[in-house]
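A.B. asks: So the chains spell out like this:
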Amino acid sequence: MLQWLVAAAVLSAATGAAAAGPAVLRVLAWPGYAEPQVVHSFEARTGARVELTVIDTDESMWQRLNAHGGQDFDVFAVNTAELQRYIRAGLVQAVDPAKIPNTAHQQPRFRQREAIAGLVHKQEGGPRTYGIPFTYSEMGLIYDRRQVSVPPTSIAALWDPRYQGKVIVYSGGTHNFSLAAQKLGAASPFRIEPDMWPSTVQSLIDLRRNVLGFYNQPEESINLFRRHGAALMYANYGTQQLHLLKSQGIDAGYAIPREGALAWLDCWTITRGARDPALAHAWIDELLGDQASRLLVEHQGLASTTMASAASQPDVRLIWLEPVEDANRREMLWARVRSGDRASRVLAP
Amino acid sequence: MKTGIAWRLGLALAAVGVLAAGLTGYYAYSASREMLVDGAEERLLTATRVLVRQLAVGLNGTARDVRLLAEHPQAARLLARVDPQLQQRSETNVALLFERMLDTHPEYFQMRLIDVTDHGLERIRIDRDENGLVQVRGDDLQEKGHYPYVFETLRLPPGTVYVSAPAINHEVGAHAGLGKPALQVASPVHDPDGRARGVVVINVDLNGLFAQLAGDLPAGLQLYLTNSAGDFLIHPDPSQAFAFDRGQVARLTDTFPAAAAMVRDGQDRRQELVTTATPAGGAPVVAAFVRQPMSELRHEDEFILGLAQPLAVVLKDSDDLGRVSVRIVVAFSALAVLLAALLARALTRPLHQMVDAVRRFPEGRPGARLPSDRSDEIGLLARSIGDMQDQIRAQFANLEQKQGELDRLASHDSLTGLHNRRFFLDRLEHAMAHARRSGTELALLYIDLDNFKTINDELGHAAGDHVLRTLAQRLKHVVREADTVARIGGDEFIVLIEGPADEDAIAAVAHKVLEVLSQPVPHAERDLACGASIGASRFPKDGATDIELIAAADQAMYRAKSEGRMRICLATGARVQTTDLAEPGADRGIEERR
Chain A
1 MLQWLVAAAV LSAATGAAAA GPAVLRVLAW PGYAEPQVVH SFEARTGARV
51 ELTVIDTDES MWQRLNAHGG QDFDVFAVNT AELQRYIRAG LVQAVDPAKI
101 PNTAHQQPRF RQREAIAGLV HKQEGGPRTY GIPFTYSEMG LIYDRRQVSV
151 PPTSIAALWD PRYQGKVIVY SGGTHNFSLA AQKLGAASPF RIEPDMWPST
201 VQSLIDLRRN VLGFYNQPEE SINLFRRHGA ALMYANYGTQ QLHLLKSQGI
251 DAGYAIPREG ALAWLDCWTI TRGARDPALA HAWIDELLGD QASRLLVEHQ
301 GLASTTMASA ASQPDVRLIW LEPVEDANRR EMLWARVRSG DRASRVLAP
Chain B
1001 MKTGIAWRLG LALAAVGVLA AGLTGYYAYS ASREMLVDGA EERLLTATRV
1051 LVRQLAVGLN GTARDVRLLA EHPQAARLLA RVDPQLQQRS ETNVALLFER
1101 MLDTHPEYFQ MRLIDVTDHG LERIRIDRDE NGLVQVRGDD LQEKGHYPYV
1151 FETLRLPPGT VYVSAPAINH EVGAHAGLGK PALQVASPVH DPDGRARGVV
1201 VINVDLNGLF AQLAGDLPAG LQLYLTNSAG DFLIHPDPSQ AFAFDRGQVA
1251 RLTDTFPAAA AMVRDGQDRR QELVTTATPA GGAPVVAAFV RQPMSELRHE
1301 DEFILGLAQP LAVVLKDSDD LGRVSVRIVV AFSALAVLLA ALLARALTRP
1351 LHQMVDAVRR FPEGRPGARL PSDRSDEIGL LARSIGDMQD QIRAQFANLE
1401 QKQGELDRLA SHDSLTGLHN RRFFLDRLEH AMAHARRSGT ELALLYIDLD
1451 NFKTINDELG HAAGDHVLRT LAQRLKHVVR EADTVARIGG DEFIVLIEGP
1501 ADEDAIAAVA HKVLEVLSQP VPHAERDLAC GASIGASRFP KDGATDIELI
1551 AAADQAMYRA KSEGRMRICL ATGARVQTTD LAEPGADRGI EERR
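First to last, the protein sequences are chains A and B.
Taking our numbering, the leading residue of the first sequence gets 1, the next gets one more, and so forth.
Taking our numbering, the leading residue of the second sequence gets 1001, the next gets one more, and so forth.
Be aware that one or more of the hints could be misleading.
Listed next, the in silico SDA-like pairs over lysine to any residue satisfying Cα-Cα at most 20 Å (straight line) [stated by the list, open to error]:
id	chain 1	residue 1	chain 2	residue 2
1	B	1180	A	331
2	A	246	B	1265
3	B	1512	B	1500
If you're looking for bench data, these hints aren't it; they were derived computationally from the structure.
Turn these sequences into a full structure, and let the hints guide you.
C.D. replies: This is how it looks when you write it as structure tokens:
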């Protein structure tokens, strides 16, 4: 009797599932990550349907994924620093790289996932990988080859008085404190010890006094660079800015300092509430394929983990972003530095 | 004649009338509506241009203020730091100037005098806060050399003014201005040698400026202000304004796609635009956008200002017009239908008249009067029909007359005027058929004139004819009207008597005939006398057919003639006693008249 009940239940479930139509994959991504051609070929290959949602800030991503405890989406792309937040909140599940054959085509530094902080967590039962590297951008130094004959080798070039009034820097507290920490030789740019605050603040004030100005948007930076004949720029948007400058006719060069370039790495990760993890793995594999990689580079100007570039060389030091010791403090202090306060005022409580 | 000419003509005329009224109404409405919408758009555009002017005027006013201060000798002196003693006084004076300026301009947040040295250190700074004005001093003064309003302004020639891009003010310590939309208006301070020594900066409260702009707007109009990329700075929904400050994008082209023509770079960038669009979750609006015109101020970024009005309001006038148009069209259409009906009737009535007249014509009844008095084609037709009718009548009359003549010729003897043989035979046949049917009797009298040949031979045809004519007349008169007399031969006559055919009746008539034929006929001073031999036959006694009857009568006549003339013989052989009217044996013939 029981067997018949079970068989009936299974049968109805199967037919129910079949009657429900093709499987649906709910993707949350940044603009340009899921090109229509890639989506079409994925749908054709797996017979599934893709529902794509696009966000453009970390905050909106966090809100959407938190909305129903991660039940609204199956797979999303997030940078290594933000990923930790999701891991802590229990919103994501482990990814099985074995189910993603295209990881074999990635550059060596992206295959060594344990070396990327926060990507692989050691837990009982073994190490669990929470993200597969997808795209990245590093923040290098852009320089005007006509004014800077030797490519800068250190981040300290931004503080070089030779370039006083000809330096352009991004206006971001978290990143700029990391820069200052790098310049001061700190062990980790993401960890400023309590006794380091005064020196980093002073360093940033010195930087402020050396620059022409600060920028937020890439277009802004290009305008400043061109109008004022800048010599050096900290490229928060990486090679995107380099290309923009070159298209404006500026003979710009790009260098990664020996201290290493801060870089963000966006990884695909699977939500805890994913309906079909196998399908999610198939998606990630598609996004690491030839077509997707090519489009990423050509259409979006982003770097692909499967293709070699200047920054992907093993000898280039990339420092993947990590959560900092106190983002709020950094931003608060930076706001004061940016406003022109002297050191005593900046560090005042 | 339900679908006849009248109806069809009426329908066609009505259709033309309605179509004309409808088309006129529609095109008039359509043109008027376009004019109304154009007019509303024009007014909206004009209002927007006025607002842009106002904005420009406001900024120019601030520019003048900042120049006033930048070119004030106190400012240069202060920055030159020539004399330490004067320094204090200069600072106080400049601070006072700034305070006065801020007092009179509630829309200014801050005024500062910034030195080119010491990394753009502020020297004099007056801030507005919730309590009033405060002068910032000492360590609270900040270095501003890395801000565009300093490093851009320092590069400018004396007397020029820099206007920054509008942004949310994040400069820590800015008192009332912190976190508010602001822009900086700055002018360089030059020393007598022409070197830039510093800048004077005024922070303008954009909300105050915007409130001024929006305050004068009539209800129903919405204000939009964007930068040159189209990022909203003022929006009816405040959450859309300064989205770029929060890392979001809220742009003009999201709501008004046509505005892309105003935002793009290049020669073909439009300075003005009127467009219709539907903002998310709202009703359609008509919006006019005007780009800030060129000015002598150095703008870091330009404005686009827009005014929007609900489309429903713009179209309301045109909708009213539409309703009025419809009413007019309906009224004129009704009029057209009425006129069409009247006209159709007016045209077809004379046609009906003519049809009526033509119809009744063959019947000979007097038809309806033809509309012959008209001077148009219908009158012509009517007159032609009348003429034709007259002609036809005349011809018919002619024909009838000729027909009558022919009939008479066919049935009468031309000489005597009596019926002829042909007629008589026909009459006899009918009489016999009638007698057979009704069982009545008939009698025939066959009359042969005596002595006629003599007269004819001796006196000629003229006399003979005259005798015949006279005797025929007498014969005709002596016989009853109901009976038929005919001349069937040269001098032979026959009489048909309808009615009882007994001997006495026949004898009576025969005697009368004999008597009247025996009387002399005067002719040319002579009296010509004939006589007659009469044979009588009866129906049905003496014959069953007309041939038998005539033959019997003929035989009786011959017997009478052979027995001496001037007598009557009945067909069955019995002789009718008659008074001989002549002396026995005497030949009647020609006797001279006494």
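A.B. asks: Are the hints correct? Go through all of them and say.
C.D. replies: Outcome of the hint check:
1. 1180(B) with 331(A): Answer holds: residue 1180(B) to residue 331(A) is near 19 Å, not above 20 Å.
2. 246(A) with 1265(B): Holds, at roughly 19 Å.
3. 1512(B) with 1500(B): Within the cut-off at roughly 17 Å; holds.
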